[in-house]
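Q: Okay, here's what each chain looks like letter by letter:
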Amino acid sequence: MSPQFSATHQELARQLAWSRREFLRTGAAMALGSTLLRNPVALAGIPAKKRKVVVITFGGGARDQETFAPEGQENIPHLMRELIPQSTFFTQVVNRGILGHYVATASLATGVYETINNFASLPPEHPTVFEYFRKDLKRPSTDAWVVAPSNGFNRIGESNNRAYGPGFGASVILPKHLLTAAMSGRATDYEHLLRDNYETPLYAPSLGGNEFQLQQLQMMLKLSVDDFKAHALTLSSPDELSVYIARRLMRQLAPSLLWITMHDIDIAHAGAYSLYIEGIRRTDRLCAEMWKAIQSEPEYAGNTTLFILPDFGRDSDDDSGGNGFQHHRTGDALSRTTWMMALGPGIREGVVYDRPMQSTDLVPTLGSVLGFSPSFAQGKPIAELL
Amino acid sequence: MLPHDLKPEQFSGYPPEARRLVTNYIAVLQRLPLSFLPSLLRESIEYDYKFPAERGALERELANLSSLSAEQLQEWLQGFAQIHLSSALEKFDWINAPAQFVEQLSSYLWTTHQLDAFRAAALAYAGRLHAAVPPETPSAPRLGITVVGQGVASYQEPLFRKLRAHGAYYSQVNPVNGLHMLLDAVAARAKAHPAPYAHWYIDGGKQTECDTALTTVSYAALEPARAALLGKMRAEINRPGMGPEALRTRLAQLRPADLAFSTGDEVLDRFRVKMLTEGSGTQIFSTTFAQWTAREALRRAQPLTLLVRFAPRQRQKPMNELLAATLEPAELDPIGSLVDADMGAYYNWLNQQRLPGANQSSFLVWFEGHTRALVIGPATPRGTASTSPTTLPDLLTSVV
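If you read the sequences in order, they're chains A and B.
Going from the first sequence to our numbering is simple: count from 1 and add 19.
Going from the second sequence to our numbering is simple: count from 1 and add 38.
Rather than coming from a laboratory, the hints here were simulated on the basis of the structure.
Hints are supplied without guarantee of correctness; some may be wrong.
Claimed, not checked - Cβ-Cβ distance ranges computed for the label pairs, FRET-style:
1) B:Ser124 - A:Val244: 45 to 51 angstroms
2) A:Arg374 - B:Leu268: 47 to 53 angstroms
3) A:Leu233 - B:Thr301: 49 to 55 angstroms
4) B:Glu128 - A:Ser243: 55 to 61 angstroms
5) A:Gln237 - B:Ala158: 52 to 58 angstroms
6) A:Ala402 - B:Asp131: 50 to 56 angstroms
7) A:Thr134 - B:Asn102: 32 to 38 angstroms
This one's a predicted model, so the numbers in the text were calculated from it and none came from an experiment.
For each residue, glycine too, the CB sits at the ideal point set by N, CA and C.
Given these sequences and hints, build the entire structure.
A: Pasting the structure below:
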């Protein structure tokens, strides 16, 4: 039963710390944020009502060595060359919670380390960022949306907290679920697309909660079912479908708070390294597409802050308790530590901050950007972005 | 039920040798914390079906625990004793279902934010155990061989990048009859150092004919069991109330007979079936199967020789092809499989280096049918590259 380790915790942490300090400076000619003053511009020039935020999370973390470390940078050309030079980058975003994708995304959305069952269709226990946003700022339901990868995320939009909860959450679109409904009756081989988690092949739990329905495509997104199906047939992955839907939302409803969770990278659980790398490269491209969309949509250009972060990392090759990139089960430093980038007006460009922060700091930061008070959130606003 | 209430008759459901083992040590088992004991029982209950190396390690661990004074035991396990458990876990039948208990404990530790404390306790215990009972050194230096790239006609991208810093890269290796030469070398080692389950050949596709002294596992030979397993998985998924965790538990309980699989070697049959029932992705991708099987063979059997040959896996269809619903059989993806196998070779070497005698171990990886190979050995210059013509037997001779 004894786990074996070729490197001590401290050694691993030291290696990680070194690489996190150095990798971006060598790869993207970034400046260290600790040498700079805080940003004096911020969002002061943009009226609060005009401010928008887009959050992209990856359900299925990517490790440094396949992304920002020197040997991984070939997998993320768009992030390296296009996005990072325009961003403030945080190298040590630590997730102290449960490393399961649904519960971790719920924790990101509430600012509290949630403890709900990762595999059940349950709402978060604490108010979500969407509820704070809509209730505090009296925003309509069309102003906060979630585009999520799979059926298990259908409850992510609102908590069961009595002070918030039903009526104050975000609308949730599950593009894969829409696709199922759209393709119903056809003999297809897309069963695996419905998998919620790649850890358990073939498994897709039943739905609960109120998610966006197929018939709303036409009404809200001005998209016929036939056009939706035809477009899906041109795409290679569920995340491409999510980005397509997100762009449609931006064009038709222009929500002020849009949250997109991607999932393609999590194919890593199937153990095929080449497919994991393909997932990273696709996600890299889709993140750049989203940033271009933000800059090209009149409702978003010049007044939108984009946050991109994985929900957590994946296991280290050095931890014999895991199997390297395949899973995130050990709770080691690499699986708990990831990164975040922020882009947009008032965000200092080309700066790296190397201090540790927690993934629960995201919601309080969004509160400061958009002007609401996340009273239950446990994290702290990120001073470097305010 | 807590450990101090343990009685010998409570192990009546254990297989005979496992029952004998735990009842011999019941005095010390009664003194172990509940956050620790079921992990030990999870190993013990499988004792009858374990490889010799595993049996020896478990026996030494129990003997060591038994030799500790009360104060020493408290000191060794204080991290575990500080873990708070729920009453539901205390009431769980952890004697007869220790694996399920450990699964629930893991979930509980994550939920109650005690995982880091448990991890620290496990590391501290492992460190003490390693110092007090050093693992047995192998009877001969280990040799690992990994063969990648079956079916790839041409590949110009760099290979073995993660391994190059640790060994010598060769770009002019004569590939003729290479696989047979490697299998002959493995067979010769099996004859020179005979021991049960000490010399393995794992194939991600169809097994090539080899010496009967080798312990073999192949994806092709398990195809009927794999098909039966996928059928059971689909049936289980459709049952009311079934979820991923329950499904995983059900799969872990499957035995070779449940999948109509039997070769007469119960230890090896159980191992083979576990690769499918406990692995993630092994049911779908042959490259994952080969890597995971190698990992588990190294961890559990600690072989002196391990040859792993990766084969092309099925291609992962993109979404638009799945939606188009073509009925064509899944084609193969040789290039993607080569990338998988290249990483798999690195993991094979890492896992070999975790075993006792690592400083004397050797490793060879070869791009099948081609001229590229890399060797790592105690005397191999690190980070070097050679364009001199050579052969696979010569490379093996240089490192073993």
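Q: Are the hints correct? Go through all of them and say.
A: Hint by hint, here is what the structure shows:
Between B:Ser124 and A:Val244 the C-beta distance comes to about 48 angstroms, which sits within the given range of 45 to 51 angstroms. The given range of 47 to 53 angstroms is respected by A:Arg374 and B:Leu268, whose C-beta atoms sit roughly 48 angstroms from each other. The hinted range of 49 to 55 angstroms is satisfied by A:Leu233 and B:Thr301, whose Cβ atoms lie roughly 51 angstroms apart. One distance hint, 55 to 61 angstroms for the beta-carbon pair B:Glu128 and A:Ser243, holds here, with the actual separation near 58 angstroms.
For A:Gln237 paired with B:Ala158, a C-beta distance near 56 angstroms keeps the hint of 52 to 58 angstroms intact. Between A:Ala402 and B:Asp131 the beta carbon distance is about 52 angstroms. The supplied range of 50 to 56 angstroms therefore holds. Roughly 36 angstroms separates the CB atoms of A:Thr134 and B:Asn102, a value that falls within the hinted 32 to 38 angstroms.
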